[in-house]
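Enquirer: Listed below are the residues making up each chain.
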Amino acid sequence: MTDALLEFARSEWLSMGVELELQLIDRRTGDLTRGASDLIALVTKQPFPGDVKPEITESMLEVSTSVQQAFEPLRGELLAIRNALVTGADRLDLEVAGGGTHPFQRWYDRQIYDRPRFRHVAGLYGYLAKQFTVFGQHVHIGCENGTQALWLLHRLSAYIPQFIALAASSPYFQGVDTAYDCSRLNSVYAFPLSGRAPFLTDWPAFERFFAKLKALGVVESMKDFYWDIRPKPEYGTIEVRVFDTPLTVERAAVLAAYVQVICRMLLEHPAPPESEEIYVTYNYNRFQACRFGLEGQLIDGATGAVRAVHQDVLATLELVRPHARELGSLDAIDEVERWVRTEGNDARWQRQTFQRHHSMAELVLQSAERWRGTRAPAPEMPPPRRVGTL
Amino acid sequence: MDLTFLPAWPPAVPAALAVAVLALLAAAAGEGASRLRLPRLFGYVAAGALFGAGGYALRVLQMEELPTATLQVALEFTAAVILFDVGQRVSFGWVRRNPALLATSIAESALSFVAVFSVMRLFGIDAWSCALIASITMATSPAVVLAVTREMRAQGQVTERTLLLTALNSIYAVMLSTLLLGLAREQAGAQFADLLLHPAYLIIGSLAVAAVGARLFLLVLSFIGRDRAGQILVMLAVVWMVYAAAVTLRLSPLLALLACGAFVRTFDTGRQLTATEFGPVSGIALVLFFALSAAMVDFENMFSAWLPAVALIVVRMTAKVATVTAFGPLTGITLRKGLLTGLGLLPMSAVALMLIRQVSEWNPDLAQQTTAVLLPSVVILQLGGALTLALALRWSGEARTSR
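In the order they appear, the protein sequences are chains B and Y.
Read left to right, the first sequence gives residues 16 to 405 (this note's numbering).
Read left to right, the second sequence gives residues 13 to 415 (this note's numbering).
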């Protein structure tokens with residue numbers, strides 16, 4: 016990359032794509048196991064729907080969809096990807112699973128995948144790189160130009176707590192209940208260039224910022240930023256990175272559709288110019304969502320109003336419904352509403368499953384069954400406490 | 013002066029002390045081997061050989077007899093634990109989802125049998141001995157494979173496949189050598205009914221004992237819950253019961269224990285096994301197994317048939333490596349990983365000699381001839397095979413990176 020470098024590719028407005036980081040599981044023990052290169056070699060013998068790549072360790076895999084416009088085709092592609100992976104994994108006696116963390120893996124057992132960039136990262140960050148064996152979903156939303164992307168990025172940051180809470184699937188980490196619904200973002204937070212992007216609202220300013228950091232030797236490429244949302248100039252997108260990888264591809268598709276429909280609403284209703292004030296309560300709200308999930312209490316930095324994440328989601332759902340109708344993603348919106356009113360997020364399923372079996376290995380293997388689509392029977396637990404209130 | 017409170021001179025050494033001394037030697041030598049970047053089992057074997065040589069010297073000097081019976085019981089118990097552990101690596105589910113693996117397994121065992129049999133015939137060994145040698149050498153050493161994969165903390169396709177194919181070819185070897193035993197009796201003039209009845213009794217009986225043991229194991233395990241010490245105790249108790257039952261009923265302990273491990277895994281629909289961790293126990297069993305078996309090798313027999321032994325090693329290696337390599341792509345891995353898996357299947361160990369012992373109970377002559385060829389092959393392939401396996405795991409990138 017040269018210094019001029021950050022040319023923002025133009026994408027189709029509101030197009031979307033999904034990346035999922037997945038776990039490779041040993042069928043006997045439920046532990047993470049090595050096998051990414053074998054599985055990739057096997058599944059790419061036939062044409063693979065979407066794309067599949069190695070990640071930083073041999074027990075991790077990244078799949079991505081092609082550029083999609085609507086919920087249903089996106090869901091179809093994700094299902095096809097899932098089926099191809101499961102078929103291949105069966106022949107290698109592996110399981111594939113979602114979830115933001117592996118509940119009991121020990122980071123020092125991980126083997127760094129042999130590629131120059133990964134070796135560089137491992138060398139630079141030491142144990143962080145191995146502890147970074149966490150699994151996220153990234154949702155890309157197409158933008159027409161860099162300035163629009165930055166504007167959308169900052170507007171979208173208000174919805175980050177919702178995204179975190181809805182996708183949270185990492186309550187267990189290194190063998191303990193972290194008390195967080197989403198513990199994964201705590202691991203990400205250990206990196207120096209994580210958190211929110213700086214408040215820059217036009218593309219040339221962003222390019223100057225990047226050039227400066229690069230000249231100072233702080234970063235080499237956009238990949239060195241671990242921000243919650245970051246622009247991806249070469250794709251012409253913004254990339255929302257706060258989602259834990261859900262336990263099913265169906266959830267992954269719904270989450271992407273939810274981001275898309277919010278973006279449509281934001282772009283259709285340009286708001287008055289923003290100020291950095293929008294970030295006053297950002298870290299607080301983000302923590303609330305990580306810690307308490309849908310029960311987290313959000314503070315509106317401007318008005319001081321407090322409301323729970325689930326109330327925030329239900330309010331948003333009402334506002335985006337007309338846009339969902341336009342985009343053909345009403346099913347996805349209904350699904351989000353169902354999670355909030357009855358089913359809860361994946362972290363809740365994980366805790367219920369663990370409480371039933373008292374075995375983290377069993378939890379992992381049941382998560383893998385959920386990923387395959389042969390759903391483990393819903394745990395018999397007390398009915399959900401919450402009824403949506405507005 | 014009354015000195016009767018003092019022990020007699022020379023003092024009588026309790027048999028258990030011999031095992032203790034051997035264990036101490038083995039633990040230290042294992043660490044020594046590890047510092048030389050060799051698999052630890054090199055150290056265990058060296059300690060055992062040293063100990064055996066010491067015992068030999070004592071015997072020649074007519075000072076002390078090694079407590080052979082005690083050592084033999086200890087050896088068989090450690091082997092029992094190892095076989096049970098390896099049996100658990102047989103995933104019938106995997107074989108069902110990837111039937112080409114079963115084809116690989118049958119092909120490599122069959123080819124290894126045919127190749128070894130033919131070459132042994134060239135050396136003028138009689139057909140029954142050839143068949144017995146060929147059936148026993150189909151098996152990869154469960155002990156070596158378990159020891160090396162554990163020590164290197166290997167994970168991945170080469171590791172898993174080596175373990176699976178080892179468990180399977182060990183099962184074939186036990187079954188086939190048992191059948192041959194029956195056939196050889198017929199040659200010796202036994203009745204036709206004998207010929208079928210005896211192997212049938214051995215195989216069906218051993219499997220039945222295994223199934224009962226597996227059910228019992230899972231039943232008690234589900235009651236024990238998560239108490240680690242309790243789980244280990246249940247495992248040791250069931251292994252010992254299956255072993256004792258097989259010996260008492262004159263069945264095959266080797267087959268019973270391998271099958272018991274495999275049944276445990278198959279019957280475990282509630283996944284109780286995932287909550288257990290028997291690693292440390294089989295780790296200890298492995299140390300003692302290698303040390304004890306090396307201590308008890310009768311080196312007088314070592315060099316009487318070295319030429320057929322070398323030929324055996326070469327053709328067995330060729331057959332196994334070529335077959336597993338060729339079948340690699342059919343089973344979903346590359347030729348290269350197939351080759352590495354083939355290299356992983358070379359180790360042989362004293363488990364093969366125990367098979368011979370089983371035979372010798374019924375047919376001492378046959379056992380005598382086969383041991384002359386097998387003993388040197390086992391000694392070479394225990395260490396040489398451990399090295400090829402260790403290299404295969406390193407080349408495949410499945411071994412843990414060095415610290």
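There's no promise every hint is true.
Under 7 Å between C-beta atoms, here's a sample of chain Y residues computed to sit facing chain B [said to hold, decoys possible]:
| id | residue |
| --- | --- |
| 1 | GLN167 |
| 2 | GLY168 |
| 3 | ARG283 |
| 4 | GLY344 |
Worth flagging that the hints you see were computed from the coordinates, not collected in a lab.
We put the beta carbon where it would ideally sit given N, CA and C, even for glycine.
Enquirer: Confirm or reject each hint.
Expert: Hint check:
1. With a cut of 7 Å, the hint placing Y/GLN167 at the interface with chain B holds, because the nearest CB-to-CB distance is about 5 Å.
2. Hint on Y/GLY168 holds. Least Cβ distance to chain B is approximately 4 Å, under the 7 Å limit.
3. For Y/ARG283, the interface hint holds, since its Cβ comes within 7 Å of a Cβ in chain B; the closest pair sits about 6 Å apart.
4. With a least beta-carbon distance of about 4 Å to chain B, the hint placing Y/GLY344 at the interface is held under the 7 Å criterion.
Hint compliance for this structure: no hint is broken.
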